[in-house]
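**Student:** Same order as they appear, the protein sequences are chains A and B.
Per this note's numbering, the very first residue in the first sequence carries number 1; after that it's consecutive.
Per this note's numbering, the very first residue in the second sequence carries number 1; after that it's consecutive.
Be aware that a few hints might be false.
When chains are identical, the list treats them as one kind, so a pair holds in a single copy or across two.
Only pairs whose alpha carbons sit at most 30 Å apart, straight line, appear in this in silico DSSO-like list of lysine-lysine [what the hints assert, rightly or not]:
{"#": "1", "residue 1": "Lys34", "residue 2": "Lys447"}
{"#": "2", "residue 1": "Lys456", "residue 2": "Lys497"}
{"#": "3", "residue 1": "Lys497", "residue 2": "Lys203"}
{"#": "4", "residue 1": "Lys497", "residue 2": "Lys193"}
{"#": "5", "residue 1": "Lys132", "residue 2": "Lys12"}
{"#": "6", "residue 1": "Lys35", "residue 2": "Lys447"}
{"#": "7", "residue 1": "Lys12", "residue 2": "Lys34"}
{"#": "8", "residue 1": "Lys175", "residue 2": "Lys384"}
{"#": "9", "residue 1": "Lys379", "residue 2": "Lys454"}
{"#": "10", "residue 1": "Lys306", "residue 2": "Lys105"}
{"#": "11", "residue 1": "Lys138", "residue 2": "Lys322"}
{"#": "12", "residue 1": "Lys8", "residue 2": "Lys35"}
{"#": "13", "residue 1": "Lys433", "residue 2": "Lys384"}
Hints in this document: simulated from the structure, not taken from any laboratory.
Given the structure is predicted, the values throughout are model-derived calculations rather than measurements.
Protein chains: 2
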Amino acid sequence: MQTWDRFKAIQKKLKAYSLALNIASWDSNTEAPKKCFPYRAEMLSIISGESFALETSPEYVGAVEAMYEARENLSAQDREEVIQAKRTLDKILKIPKDVYTDYVKLLNMSQRIWEDAKENDDYDLFKPYLEKIVATQKQLVTYRHDTSDPYNVLLDDFEAGMSMEKYDAFFDAIKTELVPFVKEVLAARPNKKPAFIEAFYDKADQKRFVEKLMAIFQYDTDRGLLKESVHPFTWNTHSQDVRFTVRYLENFVFSSIFAAIHELGHALYEMNIAEALDTTNLNTGTSMGIHESQSRFYENIIGRDKAFWSKHYQALQDMFPKQLSDVSLDDFYLGINWVEESCIRVEADELTYPLHILIRYEMERAIFNDGIDVETLPKLWNHKMKTYLNIEPSTASEGILQDVHWSGGAFGYFPTYALGSAYAAQFYDTMQKDLDFTALLEAGDLKPINDWLKDKIHQFGKLKSPEQLLLDVTGEPFNPQYYIRYLKEKYRALYLKG
Amino acid sequence: MQTWDRFKAIQKKLKAYSLALNIASWDSNTEAPKKCFPYRAEMLSIISGESFALETSPEYVGAVEAMYEARENLSAQDREEVIQAKRTLDKILKIPKDVYTDYVKLLNMSQRIWEDAKENDDYDLFKPYLEKIVATQKQLVTYRHDTSDPYNVLLDDFEAGMSMEKYDAFFDAIKTELVPFVKEVLAARPNKKPAFIEAFYDKADQKRFVEKLMAIFQYDTDRGLLKESVHPFTWNTHSQDVRFTVRYLENFVFSSIFAAIHELGHALYEMNIAEALDTTNLNTGTSMGIHESQSRFYENIIGRDKAFWSKHYQALQDMFPKQLSDVSLDDFYLGINWVEESCIRVEADELTYPLHILIRYEMERAIFNDGIDVETLPKLWNHKMKTYLNIEPSTASEGILQDVHWSGGAFGYFPTYALGSAYAAQFYDTMQKDLDFTALLEAGDLKPINDWLKDKIHQFGKLKSPEQLLLDVTGEPFNPQYYIRYLKEKYRALYLKG
Chain A
1 MQTWDRFKAI
11 QKKLKAYSLA
21 LNIASWDSNT
31 EAPKKCFPYR
41 AEMLSIISGE
51 SFALETSPEY
61 VGAVEAMYEA
71 RENLSAQDRE
81 EVIQAKRTLD
91 KILKIPKDVY
101 TDYVKLLNMS
111 QRIWEDAKEN
121 DDYDLFKPYL
131 EKIVATQKQL
141 VTYRHDTSDP
151 YNVLLDDFEA
161 GMSMEKYDAF
171 FDAIKTELVP
181 FVKEVLAARP
191 NKKPAFIEAF
201 YDKADQKRFV
211 EKLMAIFQYD
221 TDRGLLKESV
231 HPFTWNTHSQ
241 DVRFTVRYLE
251 NFVFSSIFAA
261 IHELGHALYE
271 MNIAEALDTT
281 NLNTGTSMGI
291 HESQSRFYEN
301 IIGRDKAFWS
311 KHYQALQDMF
321 PKQLSDVSLD
331 DFYLGINWVE
341 ESCIRVEADE
351 LTYPLHILIR
361 YEMERAIFND
371 GIDVETLPKL
381 WNHKMKTYLN
391 IEPSTASEGI
401 LQDVHWSGGA
411 FGYFPTYALG
421 SAYAAQFYDT
431 MQKDLDFTAL
441 LEAGDLKPIN
451 DWLKDKIHQF
461 GKLKSPEQLL
471 LDVTGEPFNP
481 QYYIRYLKEK
491 YRALYLKG
Chain B
1 MQTWDRFKAI
11 QKKLKAYSLA
21 LNIASWDSNT
31 EAPKKCFPYR
41 AEMLSIISGE
51 SFALETSPEY
61 VGAVEAMYEA
71 RENLSAQDRE
81 EVIQAKRTLD
91 KILKIPKDVY
101 TDYVKLLNMS
111 QRIWEDAKEN
121 DDYDLFKPYL
131 EKIVATQKQL
141 VTYRHDTSDP
151 YNVLLDDFEA
161 GMSMEKYDAF
171 FDAIKTELVP
181 FVKEVLAARP
191 NKKPAFIEAF
201 YDKADQKRFV
211 EKLMAIFQYD
221 TDRGLLKESV
231 HPFTWNTHSQ
241 DVRFTVRYLE
251 NFVFSSIFAA
261 IHELGHALYE
271 MNIAEALDTT
281 NLNTGTSMGI
291 HESQSRFYEN
301 IIGRDKAFWS
311 KHYQALQDMF
321 PKQLSDVSLD
331 DFYLGINWVE
341 ESCIRVEADE
351 LTYPLHILIR
361 YEMERAIFND
371 GIDVETLPKL
381 WNHKMKTYLN
391 IEPSTASEGI
401 LQDVHWSGGA
411 FGYFPTYALG
421 SAYAAQFYDT
431 MQKDLDFTAL
441 LEAGDLKPIN
451 DWLKDKIHQF
461 GKLKSPEQLL
471 LDVTGEPFNP
481 QYYIRYLKEK
491 YRALYLKG
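Go ahead and model the full structure; you've got the sequences and the hints to work with.
**Tutor:** Given below as structure tokens:
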């Protein structure tokens with residue numbers, strides 16, 4: 001089986017480059033001193049260049065193509081490896097090198113311009129770059145596919161198997177069912193936001209509580225660590241090294257608590273992937289959507305459940321007696337599930353969050369498929385905000401300029417966030433048939449829940465596609481109704497009961 | 001000048017690999033979770049393998065050889081670059097690739113094992129690795145040289161131009177002049193160690209004082225950072241990224257203070273190298289000995305001088321009033337220069353320190369030239385401690401397992417520490433002719449001293465050999481008598497005057 005060995009040998013080298021670049025990126029994002037970057041960027045681009053040359057070398061491409069032709073003779077795992085490799089190659093091989101290089105340069109420039117534009121609240125500054133990125137993205141798709149729907153290709157890039165047709169159905173359900181429901185909740189909600197939410201919480205104490213959460217969620221500190229960074233993220237190279245970061249806002253303690261639980265969801269997924277997959281290209285989460293389903297399962301379904309806090313609220317009160325000793329568990333539970341109209345996606349609550357994504361999905365769809373002019377985008381953005389969330393951003397920075405994604409060319413990424421929440425609700429429905437979820441949370445025993453997720457989802461890494469996972473775990477294909485029902489039940493009980 | 005361009009192009013790639021490996025090593029030594037190492041070691045060995053293959057490729061070797069032949073036509077800087085490249089090639093060319101790759105893997109693993117062994121006071125755990133490292137080192141030398149004295153080769157690796165013959169002379173001076181002098185000092189020394197030395201000093205406050213020291217010594221935090229690790233070290237990739245670590249012992253505050261000043265000496269050396277050298281292979285300190293001369297100059301000649309503390313002692317007292325408000329400057333000065341028999345090299349005082357190195361030099365000499373069995377090493381170690389320092393370690397962790405060096409294959413390294421102190425004393429003698437050293441310390445103005453060292457030593461990186469530097473700066477070759485005289489004068493005044 002010489003071709004297979006060649007494939008694996010080169011793959012191993014690619015994994016080595018990737019590990020080295022990954023470690024450098026962890027360093028860059030958490031502690032590297034600011035003057036090191038020009039030299040570092042130049043040197044690391046040499047390493048990525050080597051890696052790219054190897055991945056597109058006739059030797060590797062030939063091996064992948066040959067194995068792909070003969071894939072029916074391979075074991076399920078080997079076949080999946082080859083399919084993954086082929087999928088990656090298809091994305092990069094057909095794009096002329098200079099087009100790609102120009103695009104990377106454009107993105108580098110755009111991200112800087114976007115930062116300036118956001119800081120100076122100046123959409124016009126970013127507009128020409130956005131226009132160019134969209135045009136290039138459309139062009140890049142044409143190298144790869146003969147399609148009149150480039151957005152479909154991008155959606156599939158971020159979540160294999162997804163398309164406008166499927167997302168339309170999903171977001172239609174959100175639009176018809178959640179938009180009016182949110183209005184109902186907001187109308188019924190008490191006016192005054194509880195003061196404890198934005199009280200002062202000492203940073204060092206927040207960190208101590210996050211460390212408590214790591215223990216509660218059974219995060220293995222022999223295989224990872226917690227650090228601080230401007231934007232929380234999870235970082236992993238293989239199952240034995242999965243780290244995450246949070247940030248500590250002293251006037252918003254929920255930021256570190258729920259970012260931590262969110263990142264713990266991502267991290268546990270990566271840590272629980274079968275160690276045997278570490279020598280393959282399957283040793284990471286299967287898709288953006290499934291990854292997000294795990295982070296949101298932990299953050300929202302566990303972390304914002306009353307049963308969870310019935311066990312752990314005392315510890316939080318003990319850590320912050322001044323802020324919380326007068327706050328009852330019921331009031332705290334309402335506080336961590338406080339619903340409000342807000343402009344900024346990353347600060348949105350669980351219930352309004354999918355509406356933020358709905359807006360972005362419709363915007364991207366309009367940009368790519370209806371060829372809407374970039375000139376009119378801010379107006380359209382604000383109009384949708386008003387329609388769905390009854391709030392209008394007063395600046396572009398709080399509106400269309402708020403997210404980094406588009407400046408990095410990541411169109412088709414946003415929808416996976418909402419999809420992840422919906423997957424999570426569907427998994428949750430099945431889990432409740434196997435486990436007494438509430439009793440476990442009340443007992444503070446997360447092991448059966450972790451084990452269930454590991455057993456049904458985590459261990460497989462990329463061995464199973466998102467569609468396959470949904471089917472295997474829940475017995476049916478993706479069905480957004482679980483999500484709608486979960487949200488309605490939870491928030492009806494919280495806000496509409498009386 | 002096609003050959004030159006080829007040389008520089010490949011060198012740039014080598015520097016990229018080296019940067020990536022360096023960043024990984026910083027991570028490994030400061031925070032990487034313990035279970036990540038087997039996979040990481042395997043992957044990084046692939047990168048070193050690639051780098052090794054490139055450095056030993058006919059294309060690069062041919063370019064270096066050709067430039068070396070024509071070196072008389074090159075500028076001084078280019079010539080030195082080629083000489084360095086040739087020197088490195090001479091060291092590695094004859095080593096088979098798989099032997100080298102296996103060795104790198106062995107070292108990655110050994111360092112982890114050593115940490116465990118030290119923590120668990122278990123020499124037997126480390127023994128087989130040590131044995132394998134020594135055997136491999138000997139084997140590696142035989143690939144390079146037809147010699148019956150492998151240790152000579154290793155000594156020259158760490159300090160170009162040094163040999164057993166020269167070190168024997170140096171350590172003979174230490175043995176004949178310092179060993180009896182130390183006994184004299186110890187006999188005259190008051191019995192009771194001042195209590196403030198080992199009082200409790202809060203770790204967070206120690207860190208704050210180390211940060212103060214960084215400012216005092218004009219360390220640029222835009223080009224580096226401070227972190228914590230088991231064994232303090234300085235790390236650098238180029239002049240714009242030079243970091244260092246210390247550790248905080250709550251019952252021995254001098255550990256963090258003087259480790260910090262020591263590492264600051266290493267770090268300032270690297271930061272002060274001309275930025276123009278960053279694109280060459282000359283952008284690091286010229287030798288271990290010269291590097292150590294700078295760290296020890298800062299640590300001992302500045303950091304343990306009374307004039308230095310006449311300026312900064314108040315700040316330390318303010319940070320630790322409970323421990324120090326009743327301690328006079330004179331008593332503090334005696335405390336930071338307290339001489340005693342001790343087991344741990346890195347905690348040793350300035351005067352007994354060279355005796356710790358004498359022991360290691362003799363141990364390594366015995367291991368490599370007398371072929372002594374690893375089984376008997378702990379006994380031999382303890383015997384020498386007893387003879388020279390009149391103290392015997394009660395555990396392996398306090399004896400033979402205390403240092404990281406051997407687990408990293410660094411035999412021949414230790415002697416450069418004592419050599420560095422001796423170089424430093426020789427530089428100091430010259431500096432005092434140019435600057436009013438004491439007045440500057442009393443004024444807290446380290447800039448002229450930093451500038452003098454930058455101007456005479458730091459900026460040149462590897463452009464000048466150790467021998468050349470000594471000659472250019474002090475007007476004479478290395479002369480150990482400056483060191484002996486410096487120590488005797490200082491410690492006679494402190495302990496033998498009355």
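**Student:** Take the hints in turn and mark each one as holding or not.
**Tutor:** Hint check results:
| no. | hint | in the structure |
| --- | --- | --- |
| 1 | Lys34 with Lys447 | between (41 Å within a copy, 23 Å between copies) |
| 2 | Lys456 with Lys497 | neither (35 Å within a copy, 79 Å between copies) |
| 3 | Lys497 with Lys203 | neither (36 Å within a copy, 53 Å between copies) |
| 4 | Lys497 with Lys193 | within (19 Å within a copy, 73 Å between copies) |
| 5 | Lys132 with Lys12 | between (33 Å within a copy, 27 Å between copies) |
| 6 | Lys35 with Lys447 | between (45 Å within a copy, 21 Å between copies) |
| 7 | Lys12 with Lys34 | between (32 Å within a copy, 22 Å between copies) |
| 8 | Lys175 with Lys384 | within (11 Å within a copy, 81 Å between copies) |
| 9 | Lys379 with Lys454 | neither (44 Å within a copy, 51 Å between copies) |
| 10 | Lys306 with Lys105 | neither (47 Å within a copy, 50 Å between copies) |
| 11 | Lys138 with Lys322 | neither (54 Å within a copy, 66 Å between copies) |
| 12 | Lys8 with Lys35 | between (38 Å within a copy, 24 Å between copies) |
| 13 | Lys433 with Lys384 | neither (39 Å within a copy, 71 Å between copies) |
Of the hints listed earlier, those the structure fails to meet are numbers 2, 3, 9, 10, 11, 13, in rising order.
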